[in-house]
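> Chain residues, written in single-letter form:
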Amino acid sequence: MILRDLAGRLGCEVRGDGAVDVVRVRGIDDAEPGDLTFVSNARYVPRLATTRATAVIVSPDVPTPLPSLLTRNPYLAFARAVEALHPSPRPEAGVHPSAVVDPTAVLGAGVHVGPFAVVGRAARVGARTVLHPHVVIYPGVEIGEDCVLHSGVQVREACRLGSRVVVQNGAVIGSDGFGFAKDDAGRYEKIPQIGIVVIADDVEIGALVAIDRAALGETRIGRGTKIDNLVQVGHSVSIGADTVLAGQVGIAGSTRVGDRVTLAGQVGVAGHLTIGDGVIATAQTGIPSDVKAGQIVSGYPAIDNRGWLKSSAVFAKLPELQRRLRELERRVADLLPGKPPT
Amino acid sequence: MILRDLAGRLGCEVRGDGAVDVVRVRGIDDAEPGDLTFVSNARYVPRLATTRATAVIVSPDVPTPLPSLLTRNPYLAFARAVEALHPSPRPEAGVHPSAVVDPTAVLGAGVHVGPFAVVGRAARVGARTVLHPHVVIYPGVEIGEDCVLHSGVQVREACRLGSRVVVQNGAVIGSDGFGFAKDDAGRYEKIPQIGIVVIADDVEIGALVAIDRAALGETRIGRGTKIDNLVQVGHSVSIGADTVLAGQVGIAGSTRVGDRVTLAGQVGVAGHLTIGDGVIATAQTGIPSDVKAGQIVSGYPAIDNRGWLKSSAVFAKLPELQRRLRELERRVADLLPGKPPT
Amino acid sequence: MILRDLAGRLGCEVRGDGAVDVVRVRGIDDAEPGDLTFVSNARYVPRLATTRATAVIVSPDVPTPLPSLLTRNPYLAFARAVEALHPSPRPEAGVHPSAVVDPTAVLGAGVHVGPFAVVGRAARVGARTVLHPHVVIYPGVEIGEDCVLHSGVQVREACRLGSRVVVQNGAVIGSDGFGFAKDDAGRYEKIPQIGIVVIADDVEIGALVAIDRAALGETRIGRGTKIDNLVQVGHSVSIGADTVLAGQVGIAGSTRVGDRVTLAGQVGVAGHLTIGDGVIATAQTGIPSDVKAGQIVSGYPAIDNRGWLKSSAVFAKLPELQRRLRELERRVADLLPGKPPT
Numbered sequence: 042m043i044l045r046d047l048a049g050r051l052g053c054e055v056r057g058d059g060a061v062d063v064v065r066v067r068g069i070d071d072a073e074p075g076d077l078t079f080v081s082n083a084r085y086v087p088r089l090a091t092t093r094a095t096a097v098i099v100s101p102d103v104p105t106p107l108p109s110l111l112t113r114n115p116y117l118a119f120a121r122a123v124e125a126l127h128p129s130p131r132p133e134a135g136v137h138p139s140a141v142v143d144p145t146a147v148l149g150a151g152v153h154v155g156p157f158a159v160v161g162r163a164a165r166v167g168a169r170t171v172l173h174p175h176v177v178i179y180p181g182v183e184i185g186e187d188c189v190l191h192s193g194v195q196v197r198e199a200c201r202l203g204s205r206v207v208v209q210n211g212a213v214i215g216s217d218g219f220g221f222a223k224d225d226a227g228r229y230e231k232i233p234q235i236g237i238v239v240i241a242d243d244v245e246i247g248a249l250v251a252i253d254r255a256a257l258g259e260t261r262i263g264r265g266t267k268i269d270n271l272v273q274v275g276h277s278v279s280i281g282a283d284t285v286l287a288g289q290v291g292i293a294g295s296t297r298v299g300d301r302v303t304l305a306g307q308v309g310v311a312g313h314l315t316i317g318d319g320v321i322a323t324a325q326t327g328i329p330s331d332v333k334a335g336q337i338v339s340g341y342p343a344i345d346n347r348g349w350l351k352s353s354a355v356f357a358k359l360p361e362l363q364r365r366l367r368e369l370e371r372r373v374a375d376l377l378p379g380k381p382p383t
Numbered sequence: 042m043i044l045r046d047l048a049g050r051l052g053c054e055v056r057g058d059g060a061v062d063v064v065r066v067r068g069i070d071d072a073e074p075g076d077l078t079f080v081s082n083a084r085y086v087p088r089l090a091t092t093r094a095t096a097v098i099v100s101p102d103v104p105t106p107l108p109s110l111l112t113r114n115p116y117l118a119f120a121r122a123v124e125a126l127h128p129s130p131r132p133e134a135g136v137h138p139s140a141v142v143d144p145t146a147v148l149g150a151g152v153h154v155g156p157f158a159v160v161g162r163a164a165r166v167g168a169r170t171v172l173h174p175h176v177v178i179y180p181g182v183e184i185g186e187d188c189v190l191h192s193g194v195q196v197r198e199a200c201r202l203g204s205r206v207v208v209q210n211g212a213v214i215g216s217d218g219f220g221f222a223k224d225d226a227g228r229y230e231k232i233p234q235i236g237i238v239v240i241a242d243d244v245e246i247g248a249l250v251a252i253d254r255a256a257l258g259e260t261r262i263g264r265g266t267k268i269d270n271l272v273q274v275g276h277s278v279s280i281g282a283d284t285v286l287a288g289q290v291g292i293a294g295s296t297r298v299g300d301r302v303t304l305a306g307q308v309g310v311a312g313h314l315t316i317g318d319g320v321i322a323t324a325q326t327g328i329p330s331d332v333k334a335g336q337i338v339s340g341y342p343a344i345d346n347r348g349w350l351k352s353s354a355v356f357a358k359l360p361e362l363q364r365r366l367r368e369l370e371r372r373v374a375d376l377l378p379g380k381p382p383t
Numbered sequence: 042m043i044l045r046d047l048a049g050r051l052g053c054e055v056r057g058d059g060a061v062d063v064v065r066v067r068g069i070d071d072a073e074p075g076d077l078t079f080v081s082n083a084r085y086v087p088r089l090a091t092t093r094a095t096a097v098i099v100s101p102d103v104p105t106p107l108p109s110l111l112t113r114n115p116y117l118a119f120a121r122a123v124e125a126l127h128p129s130p131r132p133e134a135g136v137h138p139s140a141v142v143d144p145t146a147v148l149g150a151g152v153h154v155g156p157f158a159v160v161g162r163a164a165r166v167g168a169r170t171v172l173h174p175h176v177v178i179y180p181g182v183e184i185g186e187d188c189v190l191h192s193g194v195q196v197r198e199a200c201r202l203g204s205r206v207v208v209q210n211g212a213v214i215g216s217d218g219f220g221f222a223k224d225d226a227g228r229y230e231k232i233p234q235i236g237i238v239v240i241a242d243d244v245e246i247g248a249l250v251a252i253d254r255a256a257l258g259e260t261r262i263g264r265g266t267k268i269d270n271l272v273q274v275g276h277s278v279s280i281g282a283d284t285v286l287a288g289q290v291g292i293a294g295s296t297r298v299g300d301r302v303t304l305a306g307q308v309g310v311a312g313h314l315t316i317g318d319g320v321i322a323t324a325q326t327g328i329p330s331d332v333k334a335g336q337i338v339s340g341y342p343a344i345d346n347r348g349w350l351k352s353s354a355v356f357a358k359l360p361e362l363q364r365r366l367r368e369l370e371r372r373v374a375d376l377l378p379g380k381p382p383t
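Top to bottom, those sequences are chains A, B and C. Numbered by the numbering used here, the letters in the first sequence go through residues 42 to 383 in order. Numbered by the numbering used here, the letters in the second sequence go through residues 42 to 383 in order. Numbered by the numbering used here, the letters in the third sequence go through residues 42 to 383 in order.
Hints listed in this document are in silico derivations from the structure and should not be mistaken for laboratory results. Source: prediction; values computed, not measured. Positions of the beta carbon are idealized from the N, C-alpha and C atoms, including for glycine.
Computed footprint of chain C on chain B; a stretch qualifies when at least three of its residues, placed anywhere within it, have a C-beta under 8 Å from a C-beta of chain C: (1) 190-197; (2) 232-242; (3) 245-257.
Sequences are here, hints too, so could you generate the full structure?
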């Protein structure tokens, strides 16, 4: 694609030769002639001197003799350039003859249903949604338009997905919540989980994620929220909009997570809590109690991130502190020979 | 259902008008006329004043003018009320024409086999067990009566499940254990994992759980034990009865976990350990050595919960402690000017 | 098998009666007459006195009257003995009539394709590779010879697997990496993930593992590396050869892990790091920065293992240290009554 045409599509300005042809997007070190690359991090600016790329997406304040697409958000323009130069082939509309679609299910226009997919009784699948091979849609499920469900995804009975939802392979939406009542003999009796999961528009759900249905009512994932692989969302959890859950995060039942929250990898959140808007929890944080909007927390039990960083630095010196304390005790005892330490 | 009829089924006493009709179970805040709700936690008693529910399950000592079902275990009665008012539709008996059932497999009376399920050579499936779509049963597997295996469950060769076992979507039972021997060049050679997994009656296994088969012998899950989503159980592990493993727990190979143990979310247990009966490990605990029956442990490495809570409180003040120690050293040095601190 | 014949196959020497017949491999406590057992850990030597096994694999320096196979690596000989005495039945060559194999896909000689497997456009599957039921191979995938992919495995578009790769049930190879660019309104826009995953020869991948495809370029797993269940490997990660990732490990995007590294259970590694050759991280370690070759690290944030062990020991005594510090402050204040502590 001619650079200046791409600029139009991405809403960038051109600096230098807008007539060069770019055919591919590559990282700055791997790029070859014909490639478009990008710099969104100041650390990579020096590599512009050596890259073999034909053109680059940069911020206007980055000087380079290369033909450039200028934008204040190079990372976003990069995302859109990949989309423009590497359009993903959309599976053709139609139902594979091997798929089992219940006669009462309703498929919108242009839906693709792959081999061995199962669409249950009274399920509804919106226009242009793609069900890859081996997707299982239980009865009563509703799925919006332009969704992509990759192979091996399971959506349990009566759950609802909005539009433009992407679900990576093997994810499970609507498995029974983990709810049991103890009888007098100390044995657990299952509480039927009769709620559902409701997923808003523009959500992405990673591979092998498990989102449990509510015992009663709904487990909710808000608009635009992105969930990485192997995350566990317990029953009746409510997650806001534009929130990010990184890989292997776990959220126990009935907790409410706000908008624009970031939980980094392997973070765990206990049940029945409220995590305010904009909270950030660094990797492996364990959250046992409510967190106010805007806080950055770390550690287990989670405390303020700055305090945790300082305490962690001292933790590494604890043996030395212990020695110094012992030495002080000895010296003070010398000063007060008649009074033994208590 | 008329309240007094429900009382009979649940073994509760009626207080107030036993002739009211309840059609649904809902949480105390969401309930509407016609709904039955419950209070199992003293914190929710005040909400009885404002709930719109028609009737409530409560402990006898909770005063309320609402028609009530009285029981000393309201949570258990709630579980049973859900079961009574919201019976889950059981798939009809029969084998879907698309399923592949080996001619040597034996299916009990009333078994349901969904689309694209696979039942291997010489496998046995007990009466009334439900295999949802896309369940894969390898050769030689034995499954008891009244089990429910949700879509995408895989049961590997020769594993055995008891009766009334529920397995949520995508769980894997009997994958190869993680066993390798190092050769002289430092390369790993696979140890064939020829053992099996044996799961007792009334066990529930969450979505995307992995339970490895033993290298030799058996990996065992005891009667009534409940396992939440994304849990990892290593090869040759033995877990007792009525034990609870919360989401994302990991148990390394050959460890023995007792009866009535609770491992909270994301707990990790090293291999070849013994965790006694009734042990509780709080969330994210890492257990590197044996734990005696009845202990409550926390932290990594795991220590007694009360000590951990106290140490964690001090951890948050470590920078302050370090400052105070430094100040003391200075003051003591002032007292002993000739003797520098060591 | 006659013990002396087995000795020939395993490259062991025989001590005692080489004519005894062994039919099975069992653990030392479970063994019965006719069984071969092994001792690879000095702790188990005393049990040789009571085992009912017919023969044993031991190191030459272990005295026992039992007929013995002698080797300096009993654990490796054990692995090979299991292989010899318990050969796993190989599924027959051929494509199950229910499988959907694209006409442009190329299957090598002796390939087995199980029920409901899907092999996409232009995919290539090497000789003797086994695709169990419900394996999904997206278009353009290349798989080497003698691989085993268990049921429910998903391999996404254009990913490449070497030879003798074993993939346990439900693993996902090549799901989209977790890459999003924020627009000016704070919403996330998906970055198409157009890279692939490349897995070298002799790799084993556990059940329900997720390995994301690169945004651009490749996510790489090196020769002979072994990955346990429920592990998460982020996009563009590169892992060396003969490395071991235990259960539930998570590695964030673009991190490079060296050769012969061991990450124990539930370890988390942040993105864009370099973990040197031979590094060991003990269970639950959280790694926020580069780790040099050969280091042993623990804790979160990860520090040197020996320092961490010492600091952890002091952590458990923090309340006591705090008391002693307070007492010292009191005593020093007594010495300097005019000067209040600062």
